[in-house]
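So the protein lines, in turn, are chains F and E.
Every letter in the first sequence is one number past the one before it in full-length UniProt numbering, and letter 238, counting from 1, is 238.
Every letter in the second sequence is one number past the one before it in full-length UniProt numbering, and letter 136, counting from 1, is 136.
Think of the hints as simulated: they come from the structure by calculation, not from any bench.
Please note that the accuracy of each hint is not assured.
Copies of the same chain are indistinguishable here, so a pair counts whether it falls within one copy or spans any two.
[Unchecked claim] Dumping the calculated BS3-like pairs for lysine-lysine here, alpha-carbon to alpha-carbon at most 27 Å:
1. K184 / K249
2. K274 / K314
3. K325 / K688
4. K249 / K107
5. K244 / K270
6. K45 / K297
7. K45 / K500
8. K688 / K241
9. K249 / K419
10. K679 / K325
11. K45 / K241
12. K419 / K143
13. K250 / K613
14. K107 / K702
15. K541 / K679
16. K541 / K107
17. K184 / K244
18. K688 / K297
Number of protein chains: 2
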Amino acid sequence: MASLQDISVSAAINILSAIAFLVAFAILRLQPINDRVYFPKWYLKGIRGSPTRSGGFASTFVNLDFRTYIRFLSWMPAALRMPEPELIDHAGLDSAAYIRIYLLGLKIFVPITFLAFAVLVPVNWTGGTLETIKDVTFSNIDKLSISNVPSGSQRFWAHLVMAYVFTFWTFYILYREYKIMTNKRLQFLASENRRPDQFTVLVRNVPPDPDESVSEHVEHFFCVNHPDYYLTHQVVYNANKLAKLVEKKKSLQNWYIYYQNKYERNPSMKPTTKTGFCGLWGTRVDAIDYYAAEIEKLTEEEQAERERVISDPKAIIPAAFVSFKSRWGAAVCAQTQQTSNPTIWLTQWAPEPRDVYWDNLAIPYVELTIRRLLMAVALFFLTFFFMIPIAFVQSLANIEGIEKVLPFLKPLIERKGVKSLIQGFLPGIALKIFLILLPTILMTMSKIEGFASLSSLETRSAGKYHLFVLVNVFLGSIITGTALQQLKSFLDQAPTEIPKTVGVSIPMKATFFITYIMVDGWAGIAAEILRLVPLVMFHLKNTFLVKTEKDREQAMDPGCLGFATSEPRIQLYFLLGFVYSVVTPVLLPFIIVFFALAYMVFRHQVINVYDQKYESGAAFWPDVQRRLIIGMVISQLLLMGLMSTKGAKSSTPLLIVLPILTIWFHLFCKGRFESAFVKFPLQDAMVKDTLERATEPNLNLKAYLHDAYVHPVFRGGELEKPAVIDEEENNPLVPTKRMSRRSSKYGSDVSSEAGN
Amino acid sequence: MASLQDISVSAAINILSAIAFLVAFAILRLQPINDRVYFPKWYLKGIRGSPTRSGGFASTFVNLDFRTYIRFLSWMPAALRMPEPELIDHAGLDSAAYIRIYLLGLKIFVPITFLAFAVLVPVNWTGGTLETIKDVTFSNIDKLSISNVPSGSQRFWAHLVMAYVFTFWTFYILYREYKIMTNKRLQFLASENRRPDQFTVLVRNVPPDPDESVSEHVEHFFCVNHPDYYLTHQVVYNANKLAKLVEKKKSLQNWYIYYQNKYERNPSMKPTTKTGFCGLWGTRVDAIDYYAAEIEKLTEEEQAERERVISDPKAIIPAAFVSFKSRWGAAVCAQTQQTSNPTIWLTQWAPEPRDVYWDNLAIPYVELTIRRLLMAVALFFLTFFFMIPIAFVQSLANIEGIEKVLPFLKPLIERKGVKSLIQGFLPGIALKIFLILLPTILMTMSKIEGFASLSSLETRSAGKYHLFVLVNVFLGSIITGTALQQLKSFLDQAPTEIPKTVGVSIPMKATFFITYIMVDGWAGIAAEILRLVPLVMFHLKNTFLVKTEKDREQAMDPGCLGFATSEPRIQLYFLLGFVYSVVTPVLLPFIIVFFALAYMVFRHQVINVYDQKYESGAAFWPDVQRRLIIGMVISQLLLMGLMSTKGAKSSTPLLIVLPILTIWFHLFCKGRFESAFVKFPLQDAMVKDTLERATEPNLNLKAYLHDAYVHPVFRGGELEKPAVIDEEENNPLVPTKRMSRRSSKYGSDVSSEAGN
């Protein structure tokens, strides 16, 4: 077990690396040349045209105003300054809700920490068990934990009462937060401008008809069954091949531009390339001519494919976006069943146009159920067999293991500093590396499951990732063992034994998790704000590809929140907080620092950097709540197991009440709030319809919806910014302060010239 | 363990008692005096006015035509003769679907039995393990079971393959049956006549409004949010007290008539009664005057209460039946969410008027969730603590137990016949008695849970009863032990150990379950057809209360199917069939006899006796399917446990596939068919609306719906036969053969005179 000294070394390393990241960020962000890396959101919004410094030529690349360096943490108050309504207006409700998860962590754990330090730490510290046992080495951290309380002591009443207090406090905060989020979502939806998805329903599994085309069939069906509300519809083309061609052409164009730039800078040497794979072998040819010819060829191919898709009836897939005359009509169609066969004419709210995942729209029902079965089995194997490498690396990461495998390293390792480093740092890093590989696999699995929108894909991936983190990071770190040993030991143990086995090891693993929080949490968050990969990528692109202002805009990679990965990781911190709040309260301050730091960093990123791909209106909140409840139940069961091994068996009946209450609380909240995130109530639809009819009686809705749901390749590659969003930007319902600062939307070029 | 001889004795007893019941039934049903007990359905339908025999005075009471006695089983072919469409038309889809459960049992188990006897019985019989072990006594039945196969034998492949074959056969039949039931339900709903519940939605949790009454609030809300479809609504009065008064008055009237009859028959003696409790003490008064005065008093009280309910705004509960102009409008309202707060304005399909459970309409959301939590906890305790008495009685029921407790009985018990009787009969009877107490408790619990219709109450009770039967009858009989020992042993065992523990005891319990099937199944079903309690009650009423033909009609107690109790009991037989099909196939014929007998008996009862209280259109079928799947999964897990103890560990991976496939099959079927039982598709609603608009353009729907959903006490006590049903009877969509035999609906008195 790591001693207090190991922890201190690890803490020092991590705090230093975190500070290094922050300082690096503070310096880099002040350089005008990096402005587009650290403030892309403002560029995308058209508010910022260029770095606002004035000065000579050098100052367009390097910030020479040394006064600004002194206030290198000035971004922190700046990040906190923007009020939440403005934040929602600026970055969307998804981002604002995501940040609130960190705030929720602070709300839950700050009072719990104070209470735990006031009550439980003195109780544990004066327990005096560990001092009486001579054989066991223990650190001061263990003296602060429940391990120090003698078996069967009356002191456990304190822990029991605190478990109740913490649970009810968490209930209160969770209920309040769910209520606030529900109101925010309803307000957000109510204040939203007209959007195509409010009028549109996605219809899947249109049955084949021998006499009619898909388009005619859809029109007839909805004319008959929604006669008063049906307006128009948009068939979906299978344009996956076309999209690939467009993608390929784009890449070729980049190379073309690259060689042209090279030639312009050095006209004496005509650039050449090889025709083989990646330009590595094959005959040497003139690069510019070669790529020009290739692009020409691909353009023709693309044109042919485009015509084929539009004219070939087989390219139309049995799905359609059906639009209605009013939001009320769409709400009705989305929430009802159309025919007696529930596997055809499936209706659901259409996702936002940019949220649609086009590849998955044409999967028939039977195939869908088989795909889900296969993915469930695959997830099981992935979750339980992935343990092998983790356990292997972790077994290497203990000193004795390394000394055994690589005996010649012994003199090096035995040095005090190195030993602490290895023990404190390596297990965390090993886990971290494995976790980086995972999200892509999980996202692919979700795609195979056949969900039709990016938001649902992210939600599903998050669920999978959460299971993975629970089993492999949390349980896998507590009871280390090779591969399937754990699964097997769980299956062979009695259900009442499992909480005991896990519970007993919990106090011993506190130091490990403290290290983990510092490596993954503190340093990881600090690295997030530095944006090292986008920084390097931007400068590479800027050097080789950028010619016009528009190119520079495209070279920006603002990124987005990555809900699928980061939310389950936050859940791990919540879980650790719940588990250790009663057992080893000394872990709590580390979690609080994590939540506070993450809150500030992500608030800054959301304001200045991230550009969300879609806006779901915080539709993920029920998942967040559910996973928090899962964390609470796990912590309560483990506490029960731990207590029963500590000779406090009489506490079990009292503790079993907690998970039952928690599950009931979950069901209560679910019934009370969840439908606001799933359904769209008719009353709200009617209010918006009535309002619109009064203010814009002559609106031509059909023209408005005409090509809202066209596959992006048919829109001339305007993938990033469809017209819908522009309109919203032009007519914000809530006038903000930004309005005054704001230049004309399309005037970024103009203002950039003016600025220089 | 009971020997083959014990089984034979038990079989003889049960077959004899079953035959005795059947003969008694055959004789009693032919007596004209019992005609209204055994054919009440035809009287209620108005088709049968009186017993159709002709002859002297005596022949109105006793059947003197001895030829009819010879064909004493003639009811069996008669019960099978009515074709299913006519049966649905005659008795409703609920009854027809219920009967199909027994038919489903035959369809599943008849082929399985043939296959098991052809393959598994020879394999088991020649296994020869039991003969080599000298210490164990075994019966011939055990030689036919899997116990006779030596451990680790290659013969287990036969069982493994058969498990797969049986599973897939069951899948096939279940899928086909679900499909047939779905079609039948859709046809039934499509062919139904106009009914108020097609146009009506039950709205619960109407929020209080300071300025408006409930009625105004409902009207305004739906006028705004469903402007094109809202027609009218009916508020709900809290008439529970009034209903009690009406009930009490009815009972007093019965006594009044009883004493009047007594006086008429014997005018010399004026009947007297005492005013105290049940006429047992108090001052002696003239009975007729006393009851006349009491009735007068109650009538005034009832009148006052009736006026109070109608005029007092506090007597209106925050719920209403809202009717729409079209089925489409109602279907939309029932399936959508009305406001952003999902705990107010809750809409659901209105149950049929006679299906409404009026007491539960006014429970607010928070109270509802608390009630459900409490009932879930109560169900847990009921299920697990109810074991104490069963285990106690069963421990008495083994010979050694009785001899220990009551040693003086030893000489009596040790006699061969008595011993067989006790071992074969008693455990089954003990269980049976306990089960009789249960349904009322479970129904009360469901009522506390707050469901708003009788059909949902029955479904919920059935779910609870199924859990109880599973834990206490099935598991409780397999692993006997006192009280909570079982629960404790389950909690202390590894999850992989439980199937082993249970699985091992399964072959040994085959004889017990064979006995149980004969006692509970064979004899129980035969007793069902005899209707002993209604027979006695009818003759008592007939003697003391009946004066007019209408009284005699009310004295009939046709009863109904009692889904809540009988369906879970059928599920037990399915479970036994699934479990023993591979292990001890010799049990299967007993189950087949049960299903065949029950099918005939219940078909007879449905045709001639039962009068269903409501018609849900087989809405319970998804529950039946789910419980069948639960039975299959249990049997597969137990087989896995059994096989792994028999040295066939390598079979586990092959057997684990079965439950996964079964669960997937369940999800597949659920997605494919379930919504036909839960939702009402818009297409079907539109078809019916269009048809109706074409055929009856001048229909005054408002008048039609005017008092459809009035609390029954306001309808002048017409509780039994609301107007709705009459109309359906008068205009059947499908003309049947019955039409020709049918006399005028209200002409039963006339035809009875003509018949005599």
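Verification of the supplied hints:
1. K184 / K249: So K184 and K249 fail the 27 Å test inside a copy (43 Å) and across (56 Å) alike.
2. K274 / K314: neither (39 Å within a copy, 89 Å between copies)
3. K325 / K688: Classified as both: same-chain Cα gap 13 Å, cross-chain 24 Å, threshold 27 Å.
4. K249 / K107: Result: close neither inside a copy nor across copies, 50 Å intra and 62 Å inter.
5. K244 / K270: Result: close neither inside a copy nor across copies, 30 Å intra and 103 Å inter.
6. K45 / K297: Neither, since 36 Å and 82 Å both go past 27 Å.
7. K45 / K500: Answer is neither: 55 Å inside a copy and 65 Å across each miss the 27 Å cutoff.
8. K688 / K241: neither (40 Å within a copy, 45 Å between copies)
9. K249 / K419: neither (53 Å within a copy, 91 Å between copies)
10. K679 / K325: both (19 Å within a copy, 25 Å between copies)
11. K45 / K241: Intra 32 Å, inter 67 Å, cutoff 27 Å: neither.
12. K419 / K143: within (23 Å within a copy, 67 Å between copies)
13. K250 / K613: within (20 Å within a copy, 71 Å between copies)
14. K107 / K702: Answer is neither; intra-copy 47 Å and inter-copy 56 Å both fail.
15. K541 / K679: neither (44 Å within a copy, 56 Å between copies)
16. K541 / K107: For K541 and K107, neither the intra-copy (43 Å) nor the inter-copy (71 Å) Cα distance is at most 27 Å.
17. K184 / K244: neither (39 Å within a copy, 48 Å between copies)
18. K688 / K297: neither (50 Å within a copy, 58 Å between copies)
Hint check: violations occur at hints 1, 2, 4, 5, 6, 7, 8, 9, 11, 14, 15, 16, 17, 18; the rest are consistent with the structure.
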